[in-house]
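Participant: Protein chains in written order, with the working numbering: chain A, 2 to 115; chain B, 3 to 309; chain C, 4 to 225.
Any given hint might turn out to be false.
As the list claims (entries may be wrong) - Label-pair ranges, simulated between beta-carbon atoms:
#: 1; chain 1: C; residue 1: S206; chain 2: B; residue 2: A100; range: 27 to 37 Å
#: 2; chain 1: B; residue 1: M277; chain 2: C; residue 2: K194; range: 27 to 37 Å
#: 3; chain 1: B; residue 1: S93; chain 2: C; residue 2: D14; range: 34 to 44 Å
#: 4; chain 1: C; residue 1: Q200; chain 2: B; residue 2: Q258; range: 44 to 54 Å
#: 5; chain 1: A; residue 1: E103; chain 2: C; residue 2: D175; range: 40 to 50 Å
#: 6; chain 1: C; residue 1: S206; chain 2: B; residue 2: T56; range: 25 to 35 Å
#: 7; chain 1: C; residue 1: A136; chain 2: B; residue 2: M277; range: 41 to 51 Å
#: 8; chain 1: C; residue 1: E62; chain 2: A; residue 2: Q14; range: 27 to 37 Å
#: 9; chain 1: A; residue 1: E103; chain 2: C; residue 2: P11; range: 27 to 37 Å
#: 10; chain 1: C; residue 1: T190; chain 2: B; residue 2: K199; range: 17 to 27 Å
#: 11; chain 1: C; residue 1: E59; chain 2: A; residue 2: I13; range: 21 to 31 Å
#: 12; chain 1: B; residue 1: T56; chain 2: C; residue 2: Q200; range: 26 to 36 Å
To be verified - Stretch-level coverage of chain B by chain C, calculated; a stretch enters the list once three of its residues show a Cβ under 8 Å from a Cβ in chain C:
#: 13; region: 121-129
#: 14; region: 169-179
Bear in mind the hints are in silico, worked out from the structure with no lab data behind them.
We put the CB at the ideal spot given by N, CA and C, even for glycine.
Here is how the chains run, residue by residue.
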Amino acid sequence: MRLQYPSNVKIIQVPCSGRVDIIHLLRAVEDGADAVFVAGCLEGECHYLTGNLKARKRVNYVKKTLEELGIEPERVEMFNLSSGEGPRFAEIVREMVVRAKELGPSPIRISKAA
Amino acid sequence: MKSGSKLEKILTAGEFALTGECGPPRNADPEAVRKKAQHLKGVVDAVNVTDNQTAVVRMSSWAASLILIQEGLEPNYQMVCRDRNRLAMQSDLMGSYALGIRNVVCLSGDHQKFGDHPEAKNVYDIDSMQLISMVKIMREEKRMNGGQEMEIPPRFFIGAAANPFADPFEFRVHRLAKKIAAGADFIQTQCIYNMAKFQKWLNQANDMGLTEKVYILAGVTPMKSVGMAKYMKNLVPGMDVPDEIIGRLTGVEKKQQSAEGIKICVEQIQQLREMKGVAGIHLMAIEWEERVPEIAEMAGLLPRPQV
Amino acid sequence: MIVAERKPLNDIVKMVEPYRKVLILGCKGCVTVCNAGGVKEVGILASALKIAAKKEGKELIVGERTLERQCDPEYIEQVKDVIGEYEAVVSIACGVGPQFLAERYPETDIFPGVNTEFMGGALAHGVWTERCAGCGACLVHNFGGYCPIARCSKSLLNGPCGGSADGKCEIDKNVDCVWHLIVEKLTRQGKLDNLLQVQPPKSWTTARDGGPRKVIREDLAQ
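Please model the entire structure based on the sequences and the hints provided.
Facilitator: Here it is in structure tokens:
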């Protein structure tokens, strides 16, 4: 569709959002990502039936873990959309970029620099 | 005579018994017990002394029982299984008997989670059924639980609790039969508000011949207010408070609620007295002991029989 | 299985604070089955600890290893060549693991990363519940296959108590009253009479009350 969205987003494609596990999200944060989000199919429309439901639970687990460690849980998020919703995807990317800017650099990056 | 206690004599003589209840204070003040005792003196045949009721720490029941004896009343010394193992229990039974206590009520005890020391370890070395059995063997066979002979054994009149309102309902009367087989001499029920359900349970007990083998004292508690009624309905385990009781209390002005509560209580006593198999009333006017004389009077239970 | 749960993250963060090199040791036994201390959980804990350290501007090297079990000396032996590289070990096996490690490797500081709770089984994926209290004198066959020691809050052998309501225990509406279950089952089987005899007091000598226990198979022991 050649829609514009910010370029400071690294996209990792997976066959199903259910392939994303807790460790992947944690490692992203560990390596300094300011924000991480998982985009999965609309609930009820998962090709593998429950993959996107599992993904959401894992995102919530990671949110809780970050909160315990004193890091903003908003840095990790789950979104549901259909693969045909190009504009919605661009919208989501913009939303997360704005969120990352508002939250500021990840506390991990700040400390590293310091 | 098993123990020779006044309660035993009254029940054996076929008189309708009346027992009260006294919760010891949450401190070391004997006056608190004496004050409550004054309201009950001459009004009831014996007074239950609770044992860390609802797992809230209070002056020990044997100590408060002794104070009652000193004030001229007869205590029903309650012992729960939650806080003592069989060694401490037997030791306390011997000691309390030596001090003149003659009636003991054997209970499981509410879980410590409900009380003010929820972090404590609970004991439950033996259960209430086994405790009843143990007390009976001490009396009849002069033996301790471990087999040791006692030259002078404690010889208690043994009480136990029954809750016709707990589940599973069908099993309750079998549990009663079990307690009787274990050695219970008298039973005090949980306070009754649901008359129909109690009658159902009582009918079963009568049919099984249990009321010939044990004295059942029906539990009654006067409601001070609709707040108390709701609390008991919703937050006290094993309690069955029908909506019509709540209705009667909400139906009167706030100032009149306590009077209505007393009225309901007196009606209940009169109803229970008519039921076959009820040998007496156990009146638990918790923290309201001063109204016991009036309730007993209005229910036609005074003066108490002399034995 | 033995069911355990990871300690709160910040408790573990505090434990490893003084160290720069820490080894997380998982176990492929019970704690893998109850998703508390297996390979996955080792990875998650390692990452979380590194995040916590980085946030404070500290560097933390975290090793990850999962043993077959931590309750057999031959498996504990397997880390003997690497353990010296670390200042501390966080074992996320059940309570046996840290103890076996501490005894075999007295020079290393060993920490428990999980709280071991009970012997139980799964009710559903992700849900485990207590079934056995290890009393050492199993009598479940007398109670329709239910254990009143482990599942009754008061361990009554002549239950139920007066707090049983709607099949639930007085301590928690989500806890079944096992005596309700026992009575129902024996009633269905026509064996209610089994419950009419007073069960005598339990001998607690075979339980933990009798002291730490040992089991020996004479035919197997050297």
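Participant: Can the suggested window of 34 to 44 Å be confirmed for the beta-carbon pair B/S93 and C/D14?
Facilitator: Since B/S93 and C/D14 have Cβ atoms about 41 Å apart, the given range 34 to 44 Å holds.
Participant: Given the hint of 25 to 35 Å, check if C/S206 and B/T56 actually sit that far apart at their C-beta atoms.
Facilitator: This hint holds: roughly 30 Å between Cβ atoms.
Participant: Hint says 27 to 37 Å; check whether the CB-CB distance for B/M277 and C/K194 agrees.
Facilitator: Given range 27 to 37 Å: holds, Cβ gap about 33 Å.
Participant: Would you say the region 121-129 of chain B counts as covered by chain C, given the rule of at least 3 residues with C-beta under 8 Å?
Facilitator: With 5 residues closer than 8 Å to chain C, the region 121-129 of chain B meets the three-residue bar; holds.
Participant: Regarding B/T56 and C/Q200, is the given constraint of 26 to 36 Å on their beta-carbon distance met?
Facilitator: At 31 Å between Cβs, range holds.
Participant: I want to verify a distance hint. Is the separation of the beta carbons of C/E62 and A/Q14 within 27 to 37 Å?
Facilitator: holds, 33 Å
Participant: With a C-beta cutoff of 8 Å, work out whether three or more residues of the region 169-179 of chain B approach chain C closely enough for the coverage to hold.
Facilitator: holds (count 7)
Participant: At the C-beta level, are C/E59 and A/I13 separated by a distance inside 21 to 31 Å?
Facilitator: Holds - the Cβ-Cβ distance for C/E59 and A/I13, about 28 Å, lies within 21 to 31 Å.
Participant: I want to verify a distance hint. Is the separation of the beta carbons of C/S206 and B/A100 within 27 to 37 Å?
Facilitator: holds, 29 Å
Participant: Per the hint of 40 to 50 Å, is the separation of the Cβ atoms of A/E103 and C/D175 within bounds?
Facilitator: holds, 42 Å
Participant: Note whether the CB distance of C/T190 and B/K199 lies within 17 to 27 Å or breaks it.
Facilitator: holds, 20 Å
Participant: Has the hinted range 27 to 37 Å been met by the Cβ atoms of A/E103 and C/P11?
Facilitator: holds, 29 Å
The structure is consistent with each of the numbered hints, conforming to all of them.
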